[in-house]
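Protein chains in written order, with our numbering: chain A, 1 to 188; chain H, 1 to 188.
I should point out that these hints are in silico values taken from the structure, not numbers from a laboratory.
Among the hints, erroneous ones may be present.
A few chain H residues that don't get close to chain A, going by computed Cβ distances all over 10 Å [said to hold, decoys possible]:
hint : residue
1    : G24
2    : A35
3    : F45
4    : F48
5    : L85
6    : A105
7    : E115
8    : D139
9    : Q141
10   : G143
11   : A148
12   : V152
13   : Q179
14   : L180
15   : R181
16   : T184
Distance windows between CB atoms, simulated [unchecked claim]:
hint : chain 1 : residue 1 : chain 2 : residue 2 : range
17   : H       : L61       : A       : A105      : 52 to 60 Å
18   : A       : H166      : H       : Q134      : 28 to 36 Å
19   : H       : Q23       : A       : D96       : 31 to 39 Å
Note that CB positions come from ideal geometry on N, CA and C, so glycine has one too.
2 protein chains.
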Amino acid sequence: MGRWQPEASARLQKAAIELFREQGYDQTTVADIAARAGLTARTFFRYFTDKREVLFGGSTLFQDHLVAALAAAPADTTPLDAVALALRAAGELLTDPQWSAQRQAVIDAHPELRERELIKMASLAAALGAGLRQRGVDDPQAGLAAEAGVAVFRVAFERWLSETRHRTLSEVLDESFGQLRALTAPAR
Amino acid sequence: MGRWQPEASARLQKAAIELFREQGYDQTTVADIAARAGLTARTFFRYFTDKREVLFGGSTLFQDHLVAALAAAPADTTPLDAVALALRAAGELLTDPQWSAQRQAVIDAHPELRERELIKMASLAAALGAGLRQRGVDDPQAGLAAEAGVAVFRVAFERWLSETRHRTLSEVLDESFGQLRALTAPAR
Chain A
1 MGRWQPEASA RLQKAAIELF REQGYDQTTV ADIAARAGLT ARTFFRYFTD
51 KREVLFGGST LFQDHLVAAL AAAPADTTPL DAVALALRAA GELLTDPQWS
101 AQRQAVIDAH PELRERELIK MASLAAALGA GLRQRGVDDP QAGLAAEAGV
151 AVFRVAFERW LSETRHRTLS EVLDESFGQL RALTAPAR
Chain H
1 MGRWQPEASA RLQKAAIELF REQGYDQTTV ADIAARAGLT ARTFFRYFTD
51 KREVLFGGST LFQDHLVAAL AAAPADTTPL DAVALALRAA GELLTDPQWS
101 AQRQAVIDAH PELRERELIK MASLAAALGA GLRQRGVDDP QAGLAAEAGV
151 AVFRVAFERW LSETRHRTLS EVLDESFGQL RALTAPAR
């Protein structure tokens, strides 16, 4: 092909999700995806290592943004506020709830992909914990803030996907962190 | 054999952990485990489906206790307190940090077992969330309290294993829930 195709990656992602949903993840080949997108398998491999990377390629970028935003948080930010700020910043990468919901439906239907997603979440928590320790936060506070932050992210992300009105993920995250604070406040 | 062997299950667990640590999980067979315990493979299969169940058989019991304790919590208990109470009750099943630490070392050394552990944790969170909804707690509070509770459990469990002085897991859990409350309290 050779010509410049700024949309190739997005077209491949869209084609892959359609096929995963229509005929199942296991039954879909890279050749199927490329054909649906009107591209060649060779073009596919310019953007993705394999069909799984169509679903999880963004996770690495997300984690990189998360770690960078945590490192950039003002020094006097509390551990949980720094985690919230970092998740909010990384969450700005997720701007398309329709795409995220379709991706999630494919993952939820497939045990191996669900495991992969759990591993990615555990990796986010580990990265947040390490970032907090670098900011001088000791354990158990670092581990707790990291794990609690990922817990809030899970819930906020699911909520964001289930909503029909169009809030940003950052707005839902802010609300969920507020709800965590309310849940953990002493009973009156 | 046929004679009454009240200690057979514990002997098999001990033998399995020893062998997993000495020669690796993949390299250890049920026959190896039975031989080390001075028992037959047939006796092994009276207690465990396979070698993985030696490590994860307790998880089902743990989750059952968790769900039962959550259901039994007084009606006026706040969602997070009910989760804390349930984790504390189930945590009383874990009385041997040496065994738990050895089990964890085997799991941490093996990607497939780590995935299995992540799935068990996700299953605990789902069970807690479902139990809270049955108690009339709505989402997102139910999901948040469940996920935050499991986050605290992860951190408390790891801490319990790393300590040399002998606190109970329940004591460490209480402390960790207190630390979560401190982390989420408004900055002064």
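Quick rundown of the hints versus the structure:
no.	hint	verdict
1	G24	holds, 21 Å
2	A35	holds, 33 Å
3	F45	holds, 25 Å
4	F48	holds, 22 Å
5	L85	holds, 13 Å
6	A105	holds, 17 Å
7	E115	violated, 5 Å
8	D139	violated, 8 Å
9	Q141	violated, 6 Å
10	G143	violated, 5 Å
11	A148	violated, 5 Å
12	V152	violated, 7 Å
13	Q179	violated, 6 Å
14	L180	violated, 6 Å
15	R181	violated, 5 Å
16	T184	violated, 4 Å
17	H:L61 to A:A105: 52 to 60 Å	violated, 33 Å
18	A:H166 to H:Q134: 28 to 36 Å	holds, 32 Å
19	H:Q23 to A:D96: 31 to 39 Å	violated, 49 Å
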